[in-house]
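Protein chains in written order, with my numbering: chain A, 171 to 508; chain B, 171 to 508; chain C, 171 to 508; chain D, 171 to 508.
Rather than coming from a laboratory, the hints here were simulated on the basis of the structure. Incorrect hints may appear among the rest.
Any copy will do: because identical chains look the same in the list, a pair fits if it lies in one copy or spans two.
Unchecked claim - Straight line, CA to CA, 30 Å or less: simulated BS3-like cross-link-like pairs of lysine-lysine: (1) 393 with 172; (2) 366 with 393; (3) 472 with 366; (4) 472 with 389; (5) 393 with 466; (6) 393 with 250; (7) 250 with 389; (8) 224 with 250; (9) 250 with 472; (10) 366 with 497; (11) 224 with 366; (12) 466 with 366; (13) 472 with 172; (14) 389 with 466; (15) 250 with 497; (16) 497 with 472; (17) 472 with 393; (18) 389 with 497; (19) 224 with 472; (20) 224 with 172; (21) 389 with 224; (22) 366 with 172; (23) 172 with 497; (24) 224 with 466; (25) 389 with 366.
Values in this document were obtained by computation on a predicted structure and should not be read as measured data.
4 protein chains.
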Amino acid sequence: MKVFEIRDAFGLANLVPAERPVPEPGRRQVRLRMRAMSLNSRDLRLVEGLYNPKQPLPVIPCSDGVGIVDAVGEDVTRVKPGDRVATLSAQKWLGGPPERERLRTTLGSPLDGTLAEYMILDDDGVVVVPEHLSDVEAATLPCAGLTAWSALVTQGGVTAGDTVLVQGTGGVSIFALQIAVMLGARVIATSSSDEKLERAIQLGAWAGINYRENAAWGKQARKLTGGVGVDHVVEVGGGGTLEQSLWAVRIGGTVSVIGVLAGISTEVNLLPILMQNVRLQGILVGSRDGFEAMNKAIAQHKMRPVVDRVFPFVEAPAAFAYMGEGKHVGKVCIQIES
Amino acid sequence: MKVFEIRDAFGLANLVPAERPVPEPGRRQVRLRMRAMSLNSRDLRLVEGLYNPKQPLPVIPCSDGVGIVDAVGEDVTRVKPGDRVATLSAQKWLGGPPERERLRTTLGSPLDGTLAEYMILDDDGVVVVPEHLSDVEAATLPCAGLTAWSALVTQGGVTAGDTVLVQGTGGVSIFALQIAVMLGARVIATSSSDEKLERAIQLGAWAGINYRENAAWGKQARKLTGGVGVDHVVEVGGGGTLEQSLWAVRIGGTVSVIGVLAGISTEVNLLPILMQNVRLQGILVGSRDGFEAMNKAIAQHKMRPVVDRVFPFVEAPAAFAYMGEGKHVGKVCIQIES
Amino acid sequence: MKVFEIRDAFGLANLVPAERPVPEPGRRQVRLRMRAMSLNSRDLRLVEGLYNPKQPLPVIPCSDGVGIVDAVGEDVTRVKPGDRVATLSAQKWLGGPPERERLRTTLGSPLDGTLAEYMILDDDGVVVVPEHLSDVEAATLPCAGLTAWSALVTQGGVTAGDTVLVQGTGGVSIFALQIAVMLGARVIATSSSDEKLERAIQLGAWAGINYRENAAWGKQARKLTGGVGVDHVVEVGGGGTLEQSLWAVRIGGTVSVIGVLAGISTEVNLLPILMQNVRLQGILVGSRDGFEAMNKAIAQHKMRPVVDRVFPFVEAPAAFAYMGEGKHVGKVCIQIES
Amino acid sequence: MKVFEIRDAFGLANLVPAERPVPEPGRRQVRLRMRAMSLNSRDLRLVEGLYNPKQPLPVIPCSDGVGIVDAVGEDVTRVKPGDRVATLSAQKWLGGPPERERLRTTLGSPLDGTLAEYMILDDDGVVVVPEHLSDVEAATLPCAGLTAWSALVTQGGVTAGDTVLVQGTGGVSIFALQIAVMLGARVIATSSSDEKLERAIQLGAWAGINYRENAAWGKQARKLTGGVGVDHVVEVGGGGTLEQSLWAVRIGGTVSVIGVLAGISTEVNLLPILMQNVRLQGILVGSRDGFEAMNKAIAQHKMRPVVDRVFPFVEAPAAFAYMGEGKHVGKVCIQIES
């Protein structure tokens, strides 16, 4: 079977095709004939050697994928051949709180990932996806979708009447927008581009703020809520945006810390956190229980993830390069032609 | 009646006695004949002009006190003359989440505080205190006690089997130690002094770390928990200690941000928050519901707050000066001789 | 001013008009010039002597109403003259869990209720209503609306992807339907009439079950969910319907016990509760915090309560009689012509 | 290896020794050399044909046991040979809420149980036990211990200051007593015997009520709490005691429905549930996450389960017979001599 692996050294030039034998499932394992993958910034940073420089090579990147179960080992009861399933990115995080053991078993580093024609996974590590989604749409769920769900639902308790602020139009932010709308909440989106804000409005956002034109977007968000502040900020910018997020959030509100794109280490004024009773909550993907709850909601609402562009499997490196340009709205995906 | 007020200008020299008429309660108000007060760092910082420089003067400082209800207005049903009650520091925060309106009504700035022979309060703004406590002990509850309770219980969900780390031996930290023990949790205390650590052990702490001798106390705490990390850190040092707190806390754990003694603004590495799914939770006192729940627990356990030293009412300024020295273990209090 | 009071004895014939002096607000009180009221089955049962036979007479019935603040006493800060507010039915339940003291202060028994041209209430006991609602629509919120909100949100945690079953088309059930839809949940409605089910579908229900044609509606509901069972049942029938509700609900699901119309005491098989890990949760109105959260959601969604019929104030007894016929879909209301 | 199985027909006379081959672990499986078992009323009812009359025979009864891992299959990482582990009674319930799939995989019906010299289990289905416990003590945890923990902690949120009522001195009730004490709560125990009440007091109960002498024990419990009612009742009697439990519990309190010893079907007055905002919560064992959290607490507190009597493995049927007499305080256990 064909796979893409990072060979010899990090760097996009070293993400190359390889041939491996088709694996056989053991007891409680399933084999997936893969159909589609989606990319996350973590995958790109892995390839570039920034995510986990100690990762032994070669490794097959990517944590997110969708495939058809085409062989099962003994004692497999959760799924059966023919089921269309997504990968669980933290293979051992089935439910409950995060724990070290649960977070260690992530696909696409340290474990081999989804950029392959076939995969073997434990039956516990796959999740049947909603029928109304295309393969590519379903492949966006394992990281970006579940992270947004964990932030807003599992750890956020967002509900009807709340106001949620999402930053930009990357994968997690767009999912957060769409999930917040499903929850009955009101969404404020920020972006550097009026065109992208228009897109956010089409997806259900209540208001948009262009942060190029309005550097103090946190205060602007607060103003939009009548001076009260938003209930929940999905913070994907890290150090570069946290100060404004703290301006935006209401007393007793939550800032979900998801990405650190704009800076890992930062000068933070703790006083507003203290004086406003604010919660800063780190969010790291989520569990299978969360994935299944999200799927139930997505299926009921016939929600469709936003796919920016789809690359054929053989052009996987081009997908990573495109991802690196940062122009996408929603998810960058890869599809295996059948 | 006699009061102490900050007159003309901030500074301890301007905390002076004054004479005011004994007030009469209106509808739904009660009058308290005050018996004892306790000091918080906020009170000291108010006097020094650091907490709220815009506070109009004169103002009577202090949010915490205990008195006897000696007169009631119409329609008062919650308490009756003779009841011994504590003040609720945020007078309008009766229950539920914090909100701006609820936090605006704090005694001892912006409202006149407890450093007076008599006070008028709404009947909603007082709480009957546990019988087994002395007046002075009960006067320590409204801020330091309730803040620790809010951190560990209302917003923390600490339970039997958890490990809680408390920093130093100030008022909130000692309360957090004692409350964590009541909850069945295990406590690690840090201090710069072996003598104070010894005191913490006597109060029920499971282990102590001298941070003078062990600057990397966060790692040491993690080691004490078998490498897992503590479930909850009660962070009172702010910027100066947060980095170690993030070393100490487990994946999915909580750091309650309570004080910012050691620095308000700080370089924070957000990566551990994100990658460890950590929650940073600002804590600002708490509601009357929390106060009453705490009192129920304190009464059942016959728990006694730790009072470092008691000053007579007429020597109130000396109490502030002593507080400023930072040598206390537990609370600094003031008592009105009857 | 004109009021309606139950005079001399219970019974609809004794619900008669009376003249009382216009009251003046004291400290922290407001006077409302009433605009509209809504009826609940509790109000009808009070008039009939079934709800609280020991209630001293005369008493003004009804807990729900909307009025304009037209005079305020000293120290009123929450509202101002001209504000349009609803009554809080449990006047002292501002937030947090229910407690005896909080539940004792209900309007329309034991306290005088809303069926009057003017009312005096504590400023704590009123809630500003969403602007887009008519007076009559807003008057439906205090009991029926808040009870449904408490069941599904405050105590229910219903979220997107959940399935909620509501029984019939009475006030609380219709609110539960509309609120569940706001929360992103899917609703199954039951009724004895296909016409009413059609109405429920128009209001957003996903499916309807005619329980006349399908006595085993609990199993039918379970079937509709693929055999899993619904997440939440809003049980308003009491003993007469509980058995079917327990068939309908999923393992680990919740049955909110709200009304006991069809029988107070009943033979219940506890085994399904135990073996299915089911929660039976009694629901008694809710707090002001819940009311305000609900209003935020209703305002955002421009949700409009369903009013079946409006009677003029002078014909209040006719409204009670109509309520007793049980033909309504949504709420029966009373309006004061200005 | 030796096992006990129910052969040919239900009834204690048919619980007989048998010889089976020692099994070998497959991928992700472990083999336990069993050391001890504990009995639950469910086990006795299974043998008597009352629990699951459709259970195919022969079957090895008992869900609870402790053994030493003595062989492991491929890919086992959670435990290693030499570890001392307990069985998870619902083998697939690792965390999160109960679900049908999770509850179907219970040891001792439908699956073969622990009454055997060796067992094969998935590595997911075992839990390392606290070191300070004897084998027999540790064998009491999987059902009785975890059920009490789930009732009070996972689904109960009991905390310091609460009052918990436990009924009788059976396995779950004694665990509930001990766990409530660890949580900092106050316990009222009921029993038909003053001697057993004395024992409960020794174990940390705050008060005891002899229900033989005081049939209205619910009112008595309420009286002991100053008329407020207890926060939590651990209901093990089912229909026979529920009415008194509803008298005992406070407004907004919880009754955990655990056993139905005294009657499955019962006339229940729903009115108090409704009017007092009471929660009736069915409790069915619990998940591995709960088991591990409980173990952490038990280890910290060096808590020791109460073992009434230990039978040697070869006399297992006598243990069941003794269990049937109902004289025990705490758990009836079985031990394999090494």
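Okay, the hints, checked on the actual structure:
no. : hint         : result
1   : 393 with 172 : neither (54 Å within a copy, 44 Å between copies)
2   : 366 with 393 : within (22 Å within a copy, 43 Å between copies)
3   : 472 with 366 : both (23 Å within a copy, 27 Å between copies)
4   : 472 with 389 : between (35 Å within a copy, 26 Å between copies)
5   : 393 with 466 : between (35 Å within a copy, 16 Å between copies)
6   : 393 with 250 : between (53 Å within a copy, 23 Å between copies)
7   : 250 with 389 : between (52 Å within a copy, 27 Å between copies)
8   : 224 with 250 : between (36 Å within a copy, 27 Å between copies)
9   : 250 with 472 : within (24 Å within a copy, 45 Å between copies)
10  : 366 with 497 : within (10 Å within a copy, 51 Å between copies)
11  : 224 with 366 : neither (37 Å within a copy, 43 Å between copies)
12  : 466 with 366 : both (28 Å within a copy, 28 Å between copies)
13  : 472 with 172 : neither (33 Å within a copy, 54 Å between copies)
14  : 389 with 466 : between (36 Å within a copy, 21 Å between copies)
15  : 250 with 497 : neither (39 Å within a copy, 49 Å between copies)
16  : 497 with 472 : within (27 Å within a copy, 36 Å between copies)
17  : 472 with 393 : between (33 Å within a copy, 21 Å between copies)
18  : 389 with 497 : within (26 Å within a copy, 41 Å between copies)
19  : 224 with 472 : neither (41 Å within a copy, 41 Å between copies)
20  : 224 with 172 : within (25 Å within a copy, 50 Å between copies)
21  : 389 with 224 : between (41 Å within a copy, 22 Å between copies)
22  : 366 with 172 : neither (36 Å within a copy, 59 Å between copies)
23  : 172 with 497 : within (29 Å within a copy, 68 Å between copies)
24  : 224 with 466 : neither (38 Å within a copy, 33 Å between copies)
25  : 389 with 366 : within (21 Å within a copy, 45 Å between copies)
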